[in-house]
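Undergrad: In case you want the letters, here they are:
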Amino acid sequence: MDNKIRIMIVDDEMIVRKSLWTWFKKYGHGVDTAASGPEALEKLEQKPFQVMFVDIKMPGMDGLELLEKVKQDYPDIMVVIITAYGSIESAVKAMRTGASDYLLKPFKPDQLSLVMERIICQQKITLDYQYLKGHLEQITRFDNIIGQSAPMKKLYAIIPEVAQSDASILITGETGTGKELVAKAIHAKSPRAELPFIAINCGALPDTLMESELFGHRKGAFTGATHTRKGFLEIVSGGTLFLDEIGDISAKMQVDLLRVLEDKKVFSVGSETPVAVDFRLISATRHNLEALILEGVFREDFYYRINVIKIHLPALRERKDDIALLAKHFMEKYSHETTKNVDRITPDAITLLTAYDWPGNVREMENAIERAVVLSKSRTLSTEDFSFLKPSQAPVLKGKTLKEVQKEHILQILEEHDWQITRSAEVLGINRVTLHKIIKRDNLKKGR
Amino acid sequence: MKKQIGVLPLGEVPALVLKVITANITAYYKWPAAVLPVGTIPASAFDDRRLQYDAGIIINNLHAWDFTDYSKIVGVMSQDIFIPIFNHAYGHAVQGGYLAIISLFRLNRNTDGSLPPPSLFYARAAKVALHELGHLFSLFHCDENKCVMHFSGAIKDLDTIPFYLCRDCERRLVP
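The listed protein sequences correspond, in order, to chains C and U. Here our numbering is used: the first residue of the first sequence is 1, the next is one more, and so on. Here our numbering is used: the first residue of the second sequence is 1001, the next is one more, and so on.
Among the hints, a few may not be true.
Said to hold, decoys possible - With the C-beta cut set under 7 Å, the calculated list includes, among others, these residues of chain U facing chain C:
# : residue
1 : Gln1095
2 : Leu1120
3 : His1141
It is worth saying that the hints were derived from the structure and are not from the lab. Treat the numbers as computed from the prediction; the structure is a model and nothing was measured. All C-beta atoms, glycine included, are put in the ideal place defined by N, C-alpha and C.
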C-alpha cells in the first residue's frame, strides 16, 4: 500500500505551518497549508485532502468551528486538533465533534509519528471499505450499462439469457437510452464474443452507400469501384452485426436484408456468385415499427424476421432512481478524463437532475455532466453548474387545452429569442404580422 | 570530480565524533567527506524560554556562509536543538537541500539515564548524520525498519536501525 497521503496544516502561526510542512515532506506526503479557517475551506473546495492538522486557537474562525464545518461538508477527512491550550474540555469537544486525534504543543516527534501511523491505518480501512463498496457498485452495472432500478435489473437478467441463442434481437427505446451498449453487452456474453462486432447506423447512410457497405462490391461494378471490396455482412462472418436505426432503411434494403437472413448468402454488387455468411443480427430503432407497418413504410415479414426477441429499453425519466448513480459515474469518468478534481455533487444538484425529464436520455445526461465538469471551477458540482438545463415541458402540458399549450409555446419561443419578433416568427413558422396579432390577442408580455 | 561533503563542527564538538561521521559518510554514501574548521553557533538561534537552539534558524544562518567547495554540509553541535512545535530534534535537514544539522545532546544518554559506551554514542551520531544526509539526497522517511531512513523518535529506535540504506532507498538515491 502507498502510505503517501494529502495533508493540510491549518495554523495562524507561520513557523508551525513551516515546521509541520517540512516534517511531512520528509515522509513524501502531499502537504498544503492555510493560515485561517476560511482559507482552509477555500482550499478544500479546490482539491481533496485526507487529513487536516488544525490549530484550535486561531483568530476569527477557531479550530473547533472549522472542525465542525469540515465534518459537515467533508466527513471523510480526518482532522487532528493541535493545541497549546490543553484543556480537557476543548479536547473532549473536539473528539465529540469528530476529531480523529489531538496533540498538545510542543509534542515529541514520535507522538506525531504515532498519530500518523493510526491515521494511515484508518486510511487503509477506508480504502478497503471503498474497494468493497466499489465491488458492490459493480453489481449495479452490467458491462458499461449502469443502473440499479427495477427495469435495469430485469435487463441485466435478460442479457445473458438471450446472448446464448442465435435469434435475431430487436432493441427498442428512445434515442440515447443505450441501445448500442446493450447490443455490445449481448455480443460480449454470446458464444460469438471473440468474433467481430460491427455496428452500422442505417439512418446515417444513403441507400446506395449502405448497399455497398453491407454487401460489398466487385471492381468495376459502378463508377468509382476501383477495387473489389468485401461488405460488412461478409467481414462480420461469425460475429454480430448491429444495425442501428433499422426503421430508417428503404423498402429495397429491407427486401435485400430479408433475403440474406433467409438464405444466409450474399451477392456483392456486380457479382453473381453468392458468398455464404454467418452472423447474428441485432437491430435497434427509436421508431414504433408496428406503426410504420400500418403506414406501409416497413415490411411486416422483415419486421418478424428481425424481431424474434424484443428488448425495450426504458427512457431515463422512467428510471429516475438511477439518476444519482449515473451522475456519479459520469462525474468520475469526466473528472478522470479531464484530470480535474471534481468529486462531489450537491444534493440540490441531484434533485435538479432528477426533476429534469432528459428527452435525450442517458446520452444527454452524459453530455450535461461532461459540460458541468469541464466548466466547474470547484470540486463540487452544484445547481449553478446545470443552469443550462431547461425546465421540463412534459408535466406542464398535462391537463391543458390546445390553446393554452399554444400560448405557452409561443411565449417560450419569444423568451428564448429575447422577444425578437422576426426570429421568433421564423422559428414558429408564422409571419411577423401573425405573431404580433397573437401577442396582442393573448396579451403576451415579456418576463411572464 | 565529486565535490566533498563538509562536516562542520558548530561550537565545541569531540574531534573523534567528527571523524567517525566523516568515515561513515564515505563508507555508506560512497562520497568523499571532510571535516571543516569550527564555526560559531548563531546566537539568535537560542530560545531562552526553551533553553534550546532553533534548528531552522541555524540552517537559515548557514545559508549566508560560503560553502562553494562542498556539495552538502552536515553541521554537528553538542547543544540541544528543536524544531518549533516539537520538543526536541536529533537532527534537521531541508528535504533536497544542501544544509543539515545534528545535535549530540541527547545521544549520550540511554533511556534509563545511564551513559552509553563511547562506541554506541559514536554510532548514534553517525546514524543521525547519515539519516539527515539522506534527506539532503531527497530520500523520504522509510517504512522499512532495516534502513537508516526509518524515522527514530527515541534513542531505542535509533539503536535498532542500521547504518545502511535499504534497497529501495539505495535505488532512489539522487546524488
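Undergrad: Can you name, in rising order, the numbers of the hints this structure does not satisfy?
TA: Hint check: 2 fails alone, others pass.
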